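Undergrad: Under the UniProt record's numbering, residues 1 to 133 are what the sequence shown spells out, in order.
Note that these hints are calculated values from the structure, not bench results.
Predicted model only: the values in this text are computed from it and were never measured.
Hints may contain errors.
[As the list claims (entries may be wrong)] Derived pair list, reagent style DSS-like, types lysine-lysine, alpha-carbon separation capped at 27 Å:
#, residue 1, residue 2
1, K95, K61
2, K40, K112
3, K41, K112
4, K17, K40
5, K95, K17
6, K61, K41
7, K76, K40
8, K49, K95
9, K61, K112
10, K74, K61
11, K104, K70
12, K41, K95
13, K17, K111
14, K106, K40
15, K17, K112
16, K40, K95
17, K106, K41
18, K112, K49
19, K111, K49
20, K104, K41
21, K17, K74
22, K95, K70
23, K61, K76
24, K111, K40
25, K70, K106
26, K40, K74
27, K106, K95
[What the hints assert, rightly or not] Label-pair ranges, simulated between beta-carbon atoms:
#, residue 1, residue 2, range
28, Q19, K104, 16 to 22 Å
29, R39, I59, 18 to 24 Å
30, W60, K111, 33 to 39 Å
31, E10, R39, 16 to 22 Å
All residues carry an ideal CB built from backbone N, CA and C; glycine is no exception.
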Amino acid sequence: MLIVRLVSSEIPEVRFKQQHVDSDYPALSDNAYCHQMMRKKGMTQESCKQFNTFILENIWKIWALCRTTKAPCKYKYSNYHRSGTPLQVTECPLKGNSQNPQCKYKATNVKKHIIVACYGWPPLPVHLDSSES
């Protein structure tokens with residue numbers, strides 16, 4: 001079982017979901033949400049990740065982005081897609097110079113368009129490129 005778990009965490013679409021999706025979408029604006037989620041998702045184990053965005057939407061809605069019109073990409077790739085409507089996200093930037101094991105984050109809960117890179121067949125999100133108002 002451990003082998004399957006290690007391998008599955010390296011699959012890009014699984015890793016995307018692990019890092020960026022919270023389908024329970026509590027829409028909390030308090031900093032405790034970011035602290036808990038960053039720890040739970042393993043982003044504070046070796047060092048404090050500087051910034052992360054959690055998408056607080058149903059996973060099916062997020063997967064459907066890969067079937068929308070392609071979005072311009074700053075890297076000139078053709079597999080980027082932008083949400084047609086703003087999605088609920090919580091942004092978690094690292095507060096000040098906090099360091100592991102006391103990583104502290106500031107929560108900002110907003111609705112933003114997101115841009116994802118999609119890959120595979122059927123295409124699934126593998127990278128969160130940006131979120132914008």
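Undergrad: Take the hints in turn and mark each one as holding or not.
TA: How the hints compare with the structure:
1. With a C-alpha separation of about 31 Å, the suggested pair K95 and K61 falls outside the 27 Å cut-off, and the hint is violated.
2. For the hint pairing K40 with K112, the CA-to-CA distance comes to about 24 Å; that is within 27 Å, so the pair holds.
3. Restraint check for K41 and K112: satisfied, since their Cα atoms lie roughly 22 Å apart, inside the 27 Å limit.
4. For the proposed pair K17 and K40, the alpha carbon gap of about 13 Å is at most 27 Å, so the pair holds.
5. As the CA atoms of K95 and K17 are separated by approximately 24 Å, the hinted pair is consistent with the 27 Å bound.
6. With a C-alpha separation of about 21 Å, the suggested pair K61 and K41 falls inside the 27 Å cut-off, and the hint holds.
7. Restraint check for K76 and K40: the C-alpha separation of about 34 Å exceeds 27 Å, so the hint is violated.
8. With a C-alpha separation of about 11 Å, the suggested pair K49 and K95 falls inside the 27 Å cut-off, and the hint holds.
9. The suggested pairing of K61 with K112 holds, with an alpha-carbon distance near 14 Å, which does not exceed 27 Å.
10. For the given pair, K74 sits about 24 Å from K61 by alpha-carbon distance, which is consistent with the 27 Å threshold.
11. With a C-alpha separation of about 36 Å, the suggested pair K104 and K70 falls outside the 27 Å cut-off, and the hint is violated.
12. Among the hinted pairs, K41 with K95 is consistent with the structure: their alpha-carbon atoms are about 18 Å apart, no more than 27 Å.
13. Using a Cα cut-off of 27 Å, the hinted pair K17 and K111 holds, with the two alpha carbons roughly 19 Å apart.
14. Only pairs whose Cα atoms come within 27 Å are accepted, and K106 paired with K40 is accepted, the gap being roughly 16 Å.
15. Proposed proximity of K17 and K112 is supported: the alpha carbons are some 18 Å apart, at most 27 Å.
16. Of the supplied pair hints, the one linking K40 and K95 holds, its CA atoms being roughly 18 Å apart against a limit of 27 Å.
17. The suggested pairing of K106 with K41 holds, with an alpha-carbon distance near 16 Å, which does not exceed 27 Å.
18. Distance restraint check for K112 and K49: the Cα-Cα separation of roughly 21 Å lies within the 27 Å cut-off, and the hinted pair is therefore satisfied.
19. This hinted pair checks out: K111 and K49 have alpha carbons roughly 22 Å apart, not beyond 27 Å.
20. With a C-alpha separation of about 15 Å, the suggested pairing of K104 with K41 holds against the 27 Å cut-off.
21. A distance of roughly 23 Å separates the Cα atoms of K17 and K74; the hinted pair therefore holds under the 27 Å criterion.
22. A hinted pair counts as satisfied when its Cα atoms are at most 27 Å apart, and K95 with K70 does not qualify at roughly 34 Å.
23. Pair hint K61 plus K76 holds up; C-alpha atoms about 25 Å apart against a cutoff of 27 Å.
24. A threshold of 27 Å between alpha carbons decides the hint, and for K111 with K40 the separation of about 23 Å falls inside it, so the pair holds.
25. For the suggested pair K70 and K106, the alpha carbons sit about 32 Å apart, so the restraint of at most 27 Å is broken.
26. For the hint linking K40 to K74, the alpha-carbon distance of about 31 Å lies beyond 27 Å, and the restraint is violated.
27. Restraint check for K106 and K95: satisfied, since their Cα atoms lie roughly 6 Å apart, inside the 27 Å limit.
28. About 19 Å separates the C-beta atoms of Q19 and K104, a value consistent with the hinted range of 16 to 22 Å.
29. Hint check: R39 to I59, Cβ distance near 21 Å, so the stated range 18 to 24 Å holds.
30. In this structure the supplied range 33 to 39 Å is violated for W60 paired with K111, their Cβ-Cβ distance being about 18 Å.
31. The supplied range of 16 to 22 Å is met by E10 and R39, whose beta-carbon atoms lie about 21 Å from each other.
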